[in-house]
Amino acid sequence: MSRKLEFIVITIILIFAAQFFYTSSTTHADYSGADDKPAGVIDQITGGAYKPIAEPIWKPPSDEIESLFFGLQAATGAIIIGYFLGYYRAKNRFENDFDIQRDKKLQRDEKIQT
Amino acid sequence: MHIMEGFLPVFWCLVWFAASIPVIAFGAYKLNKLVKEKREILPVLAVTGAFIFVLSSLKMPSVTGSCSHPTGTGVGAIIFGPAITAVMGTIVLIFQALFLAHGGLTTLGANVFSMGIVGPMVSYLIYKAGMKAKINFYFIVFLAAAFGDWATYITTSTELALAFPAGGLLTYTSFFSSFSKFLAIFAITQIPLAVVEGAVSALLFKYVIEVKSDILVEMKVLNESLVRKLRGLSS
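These protein sequence lines map, in sequence, to chains G and E. Under the working numbering, the residues of the first sequence are numbered 1 to 114, in order. Under the working numbering, the residues of the second sequence are numbered 1 to 235, in order.
Heads up, some of the hints might be wrong.
Claimed, not checked - Pairs of lysine to aspartate or glutamate, EDC-like flavour, derived with a Cα cap of 16 Å:
(1) G:Lys59 x G:Asp36
(2) G:Lys91 x E:Asp214
(3) G:Lys91 x E:Glu40
(4) E:Lys134 x E:Asp214
(5) E:Lys132 x G:Asp97
(6) E:Lys59 x G:Asp30
(7) E:Lys229 x E:Asp214
(8) E:Lys59 x E:Glu218
(9) E:Lys181 x G:Asp43
(10) E:Lys33 x E:Glu224
(11) G:Lys4 x E:Asp214
(12) E:Lys229 x E:Glu210
(13) G:Lys91 x E:Glu37
(14) E:Lys181 x G:Asp63
(15) E:Lys38 x E:Glu218
(16) E:Lys229 x G:Glu66
(17) E:Lys59 x G:Asp43
(18) E:Lys59 x G:Asp63
For the record, the hints were derived by calculation from the structure and aren't laboratory data. If you're wondering where the values come from, they're calculated on a predicted model, not measured in any experiment.
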């Protein structure tokens with residue numbers, strides 16, 4: 001089985017990781033979320049005049065709780081992907097084995113008859 | 001790419017809801033019809049939806065020293081088209097708005113428009129163009145997912161710049177002044193993430209082809225001969 005694509009993907013991920021270790025060790029980046037940054041820019045553009053029209057209904061009480069929910073989200077998705085890919089992989093293999101055994105049996109039966 | 005709760009004026013909230021709702025309605029209709037006619041697609045639908053769940057939850061550190069996340073919508077867009085992917089994206093965005101205070105209900109329309117509609121649309125168009133140009137299929141998936149991701153963040157910057165043009169009055173120059181400021185937050189940050197997203201999407205596609213290629217043929221994503229060629233190369 002060719003593993004060329006896996007090799008390329010792992011290389012890309014390693015380069016990504018190297019980028020992170022390099023940037024984090026050479027700068028004092030705070031690695032805050034890009035999604036939170038527009039608030040500052042909006043303040044700057046409007047001179048602080050803009051007030052958000054709504055507040056989140058519920059906020060995770062702490063960063064730990066927030067990461068819990070993000071972890072749950074990722075885990076739920078990963079279980080579903082792993083379950084179905086694994087299910088069909090095993091199913092295909094089982095069906096292949098079953099076909100091979102049936103063919104062998106048929107050949108044996110034919111030999112006995114002749 | 002999630003615009004935070006309350007960070008769009010009422011007018012723009014309504015504009016993006018108005019733009020998104022018809023697409024979601026059409027997507028829900030298509031999804032319903034598809035599931036009724038072909039129940040066998042459900043596992044693949046679940047996998048593409050789950051992929052959006054996983055990727056959009058991963059906040060990854062980028063070269064700019066800030067964190068952002070991929071969208072994961074490329075695979076769904078290629079297999080099921082942008083409208084159905086928009087429905088799946090909306091589910092993820094509602095989850096994040098309710099439980100993570102990430103994005104929001106007032107900005108849901110805008111966030112659905114960027115992550116659920118424009119991103120998948122760009123992915124889908126690149127996939128179509130790539131198939132016509134007959135380039136390597138996994139490379140097409142890579143390009144479709146990566147540019148879909150990037151397009152999502154450009155759309156977010158556009159939405160914010162339209163709502164907050166420099167000086168308050170929306171003109172061509174004031175729009176671009178704000179647009180470049182918002183783009184500065186997202187564009188570079190997103191490039192490495194888009195590359196990773198493209199690569200991982202191509203890998204997921206490889207596994208779907210390995211285990212369930214009949215669905216891809218049925219959905220007319222690939223034809224028989226290309227599936228044989230791809231499986232021959234990868235088996």
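Tested hints:
1. G:Lys59 x G:Asp36: Distance ~14 Å between lysine 59 (chain G) and aspartate 36 (chain G) Cα, so the pair holds.
2. G:Lys91 x E:Asp214: Holds, because 14 Å separates the two Cα atoms, which is no more than 16 Å.
3. G:Lys91 x E:Glu40: 15 Å, holds
4. E:Lys134 x E:Asp214: Roughly 21 Å separates the two Cα atoms, so the pair is violated.
5. E:Lys132 x G:Asp97: The given pair, whose Cα atoms are some 38 Å apart, is violated under the 16 Å limit.
6. E:Lys59 x G:Asp30: This hinted pair holds, its Cα atoms lying about 14 Å apart.
7. E:Lys229 x E:Asp214: Distance ~14 Å between lysine 229 (chain E) and aspartate 214 (chain E) Cα, so the pair holds.
8. E:Lys59 x E:Glu218: Not OK: lysine 59 (chain E) and glutamate 218 (chain E) at ~35 Å, beyond 16 Å, violated.
9. E:Lys181 x G:Asp43: At roughly 12 Å apart (the allowed maximum being 16 Å), aspartate 43 (chain G) and lysine 181 (chain E) satisfy the hint.
10. E:Lys33 x E:Glu224: Since the Cα atoms of lysine 33 (chain E) and glutamate 224 (chain E) sit roughly 24 Å apart, the hinted pair is violated (cutoff 16 Å).
11. G:Lys4 x E:Asp214: 23 Å, violated
12. E:Lys229 x E:Glu210: Holds: lysine 229 (chain E) and glutamate 210 (chain E) sit about 12 Å apart, inside 16 Å.
13. G:Lys91 x E:Glu37: Violated: lysine 91 (chain G) and glutamate 37 (chain E) sit about 23 Å apart, past 16 Å.
14. E:Lys181 x G:Asp63: It is violated: about 28 Å lies between the C-alpha atoms, which goes past 16 Å.
15. E:Lys38 x E:Glu218: Between lysine 38 (chain E) and glutamate 218 (chain E) the Cα gap is close to 9 Å, so the pair holds against 16 Å.
16. E:Lys229 x G:Glu66: 45 Å, violated
17. E:Lys59 x G:Asp43: 24 Å, violated
18. E:Lys59 x G:Asp63: Between lysine 59 (chain E) and aspartate 63 (chain G) the Cα gap is close to 14 Å, so the pair holds against 16 Å.
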